[in-house]
Amino acid sequence: MRDRVQERSDDELHAGVVARDDSSLAEIYDRYGAAVFSVALRVVGDRDHAQDVAQEVFLALWRAPQNYVRERGTLGTWLMSAAHHRAVDVVRREEAVHRRVDRAGREAIIAERESDQAEPVHESAWLNWQSRAVRAALAELTPTQREALLLAYYGGLTQQEISEQTKVPLGTIKTRTRAALAKLRDVLDASAVTDLSPRLRSQS
Amino acid sequence: MTNDVTMMEHQRIQDEALDLVFAAVEPADLSAYDAHLAECDQCREYVDELSSLVGLIGAVGDVQAPPPSLRAAILAEAVGLSVSRPGAQPSGAPASRNLLADEDVDSPASASPFAAPGSGERRRAHRSRLASVATRFMAVAAVLALIGLVGWGAAMRSQRDDARQAASQSSQFQDAISRPGQLTVAEIDAVDGSGTSRVATAYMRDSGMMVVADDLEANDTSSSIYVLWSLASPTDRAPVALGSFDVAKGDLMSFVAATGAAPSGRWFAISEEPGRRVPATPTKMVGAGEAA
Numbered sequence: 001m002r003d004r005v006q007e008r009s010d011d012e013l014h015a016g017v018v019a020r021d022d023s024s025l026a027e028i029y030d031r032y033g034a035a036v037f038s039v040a041l042r043v044v045g046d047r048d049h050a051q052d053v054a055q056e057v058f059l060a061l062w063r064a065p066q067n068y069v070r071e072r073g074t075l076g077t078w079l080m081s082a083a084h085h086r087a088v089d090v091v092r093r094e095e096a097v098h099r100r101v102d103r104a105g106r107e108a109i110i111a112e113r114e115s116d117q118a119e120p121v122h123e124s125a126w127l128n129w130q131s132r133a134v135r136a137a138l139a140e141l142t143p144t145q146r147e148a149l150l151l152a153y154y155g156g157l158t159q160q161e162i163s164e165q166t167k168v169p170l171g172t173i174k175t176r177t178r179a180a181l182a183k184l185r186d187v188l189d190a191s192a193v194t195d196l197s198p199r200l201r202s203q204s
Numbered sequence: 001m002t003n004d005v006t007m008m009e010h011q012r013i014q015d016e017a018l019d020l021v022f023a024a025v026e027p028a029d030l031s032a033y034d035a036h037l038a039e040c041d042q043c044r045e046y047v048d049e050l051s052s053l054v055g056l057i058g059a060v061g062d063v064q065a066p067p068p069s070l071r072a073a074i075l076a077e078a079v080g081l082s083v084s085r086p087g088a089q090p091s092g093a094p095a096s097r098n099l100l101a102d103e104d105v106d107s108p109a110s111a112s113p114f115a116a117p118g119s120g121e122r123r124r125a126h127r128s129r130l131a132s133v134a135t136r137f138m139a140v141a142a143v144l145a146l147i148g149l150v151g152w153g154a155a156m157r158s159q160r161d162d163a164r165q166a167a168s169q170s171s172q173f174q175d176a177i178s179r180p181g182q183l184t185v186a187e188i189d190a191v192d193g194s195g196t197s198r199v200a201t202a203y204m205r206d207s208g209m210m211v212v213a214d215d216l217e218a219n220d221t222s223s224s225i226y227v228l229w230s231l232a233s234p235t236d237r238a239p240v241a242l243g244s245f246d247v248a249k250g251d252l253m254s255f256v257a258a259t260g261a262a263p264s265g266r267w268f269a270i271s272e273e274p275g276r277r278v279p280a281t282p283t284k285m286v287g288a289g290e291a292a
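So the protein sequences, as listed, match chains C and X. The first sequence: position 112 = 112 (my numbering), numbered continuously. The second sequence: position 186 = 186 (my numbering), numbered continuously.
Accuracy of the hints is not assured; some may be wrong.
[Said to hold, decoys possible] Which residues of chain C face chain X? A few of them, derived with a C-beta cut under 7 Å, are:
(1) Val18
(2) Ala34
(3) Gln55
(4) Phe58
(5) Gly73
(6) Met80
(7) Ser163
(8) Thr172
(9) Leu181
These are computed hints drawn from the structure, not numbers from a lab. Here the structure is a predicted model, which is why all the values come from computation and not from measurement. Where is the CB? At the ideal position from N, CA and C, for every residue including glycine.
Same shape as in the complex, but just chain C:
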């Protein structure tokens, strides 16, 4: 449609990276760079560190592309998962060296800077759709499930730490988190987020 060149699938792009084709890496970045950067930004809270994380994620894919295995999920999900892990690690490292400033204060600064610098990305139907789908899925959780899930995700807290903070028994916290993930899986099952993406992409 329109003047668009035939888009390559994620699998084709991944194969390109395996074959050391840097244009494939560029295309993967164009597809998922904003998502990866955004995940990192929400966890680390500042743009410089978020850039570092995003850079590491894509260069790690470039240097060891075989670490992504298609059967285990989509490339986008895998990249976002990697971004999350690295971002959590950055936050902890910062804490360990006592350089962490008050988060709320920092967020206010970031919000200000973002309104100046960052343009929200609208062109990706897949990202917009996925964001909506996940938001809808999270809304479907009970408040306690959601709390457990987001404390683990954004807080980087262990199940034990969440238990201590919320004064809820460890077993209950684990049950909630597992139930929350199971519910997410049911709502976002492959058909919605995985299979829909190429279709939406090819039509947008």
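Since the structure of chain C is already known, use the hints to place chain X on it.
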């Protein structure tokens, strides 16, 4: 080989998998997991599935564009040109190098996405980590508010009904969108001459239609209704009403009650109608757009 030792390992791994997929395992403890996961398909599949769901959580919220320099920096580094990105960590900082080193091809631990970057120097005292838990706990409250999903405490309870409503819709949406068959997506832009502001996106297939309202006001469900129309062309004087829907405050999406009429073309429009009936012709056009 299945013996008592590995059975206990399965249980332990699966019991602690949540910490693993949320990146909350101490780097020093990771090697034990990785050793088991490298050999055990069952546990690896379990952990992989959890991990991919955790990856999806990141998709919530607005997507921010990274600075353009990031793309160039990544590509330059990939092809072996070392270029400093503006604002990057000084090269002495424990930033990218160690993280990348862990991704080397011959490192068995890096075969899983949860392989902790840079295990050695980042090992930290457990006590100092616990001391900062309260800080992170508070930070999460800020994030929750930021993404607008939940309030905290009382606000959370008051949103429970909204969440239930969204839940019911979400299941239907899932059901509607995941069926086989051709999916048509049309972005509906405002027609009030204000340029190209998006008011809604319509998703249509034989089995159902729904509208995601980007900027449609909630309608008064006792006296008005929205109608989705199909047009043969932008100037079509005889649009076909495909169905009607309501937009409630806080809704993520609206399901279109179909009239049963088939689309007459690739153009779609939304009108707001007084009363609760679908008229023969639109009264007040809100937006229109061509299917992608």
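Evaluated hints:
1. Annotation: interface hint on Val18(C) violated; nearest CB of chain X at approximately 11 Å, more than 7 Å.
2. Among the interface hints, the one on Ala34(C) holds; its C-beta lies about 5 Å from the nearest C-beta in chain X, closer than the 7 Å criterion.
3. Annotation: Gln55(C) was flagged as interfacial toward chain X, and the flag holds, the nearest CB pair being 5 Å apart, inside 7 Å.
4. Residue-level restraint check for Phe58(C) holds (minimum Cβ-Cβ distance to chain X is 5 Å; threshold 7 Å).
5. Given the 7 Å rule on beta carbons, the hint for Gly73(C) holds: about 3 Å separates it from the nearest Cβ of chain X.
6. Restraint check, Met80(C) versus chain X: the minimum CB separation of about 4 Å is within 7 Å; hint holds.
7. About 11 Å separates the beta-carbon of Ser163(C) from the nearest beta-carbon of chain X, more than 7 Å, and the hint is not met.
8. Interface hint at Thr172(C): violated, since its Cβ lies 13 Å from the closest Cβ of chain X, which is beyond the 7 Å cut-off.
9. The closest approach between the C-beta of Leu181(C) and any C-beta of chain X is roughly 5 Å, which is under the 7 Å cut-off, so the hint is satisfied.
Comparing the model with each earlier hint shows violations of hints 1, 7, 8; every other hint is respected.
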